[in-house]
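All chains should be modelled from the sequences, with the hints used to inform the complete structure.
Protein sequences appear in the order of chains A and B.
Position 198, counted from 1, in the first sequence is what numbering that gives the first Met the number 0 calls 197; the numbers after and before it change by one each time, with no gaps.
Position 11, counted from 1, in the second sequence is what numbering that gives the first Met the number 0 calls 10; the numbers after and before it change by one each time, with no gaps.
There could be a bad hint or two in this list.
Covered stretches of chain A (chain B as the covering partner; in silico rule of three or more C-beta atoms under 8 Å from a C-beta of chain B) [stated by the list, open to error]:
id : stretch
1  : 6-19
2  : 22-34
3  : 100-114
Simulated from the structure, these hints should not be mistaken for lab results.
No residue lacks a Cβ here, since even glycine has one placed at the ideal position from N, Cα and C.
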Amino acid sequence: MVATNRLKRILIVDDEPKIGEALSAYLQREGFEVTLAGTLERALEEYKRIEPDIMLLDITLTDGSGLDVLRVARSQGRQTPAIMLTARADEVDRIVGLELGADDYVTKPFSPREVVARVRAVLRRSENAEDVARTSSTIAIGDLEVDIDAHQVRIAGRDAGVTAKEFRVLRIFAENPGQTFTRTALLDALHDEGTMFERTLDRHINNLRKKIEIDPQTPHYLQTVLGVGYKMRPRDR
Amino acid sequence: MNPQEIAALRHDIGNALAIAQANLEGIIDGVLDPTPERLASIRESLAAAGARLNDLR
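Structure, rendered in structure tokens:
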């Protein structure tokens, strides 16, 4: 989690000041630092200025749409969580279907308490997701590093140059060190619908060994479990 | 009434009721003061919602 000591900043965008004020009063009581904007123009300015932790965005604004704020945020590569507010049920399908990735929506009229609960839930979810992303981006076992984000395997810091398929195979082993996989279980884990066969799998394993093992004949990482399948060497205790 | 008109109606009534509900709940929950202005705006919002509802006839 990031900077737990400071107040969470929330940007509320609604062209009805009386709605913004009421939401603001509730969220301030809950310990949020609230910034209000009544137009798209103000919303974009405030978004840049305060870098909010979460946003409440009304879809219909006099000079645009709350979705534009989300669009700008996403175009800058920011994943700021957002809850959309809308008085039109017919907009809901559009919001949910959007690739922009709003985290939730609330239809008007709403209970402010319900909105506060949604804000908390979305923040909790996004913080958990951040934690997972941070811990899972690279898996290290001895000198072997499987970098999930970069889709790269390094051995003693050097790029092992694995192919996309080899990466997928190795990732499963790296995520489950010490666990023996039969060929069938491995194919299941790869969700491969008939494009990879057991013999192909053996070839991928052999190629991986050439790339990551010092001596592919006596593998240190990708070990054979005789008569069963393969496993990744367990992590050092 | 065409779909655009219905959407506009839904938007206006939803917003008006949202103002009334959010402010009334705020007063009940003790996060907003029941100032005469606030009470008046709740009444106005309910009246506006009612007026728009009558457009459906």
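To see whether the hints hold, each was checked on the structure:
Counting residues of the stretch 6-19 of chain A whose beta carbon lies closer than 8 Å to any beta carbon of chain B gives 3, which meets the minimum of three for the stated coverage. Counting residues of the stretch 22-34 of chain A whose C-beta lies closer than 8 Å to any C-beta of chain B gives 4; at least three are required, and the coverage claim holds. Residue count for the stretch 100-114 of chain A with a Cβ under 8 Å from a Cβ of chain B: 7. That meets the three needed, and the coverage hint holds.
The structure agrees with every numbered hint stated previously.
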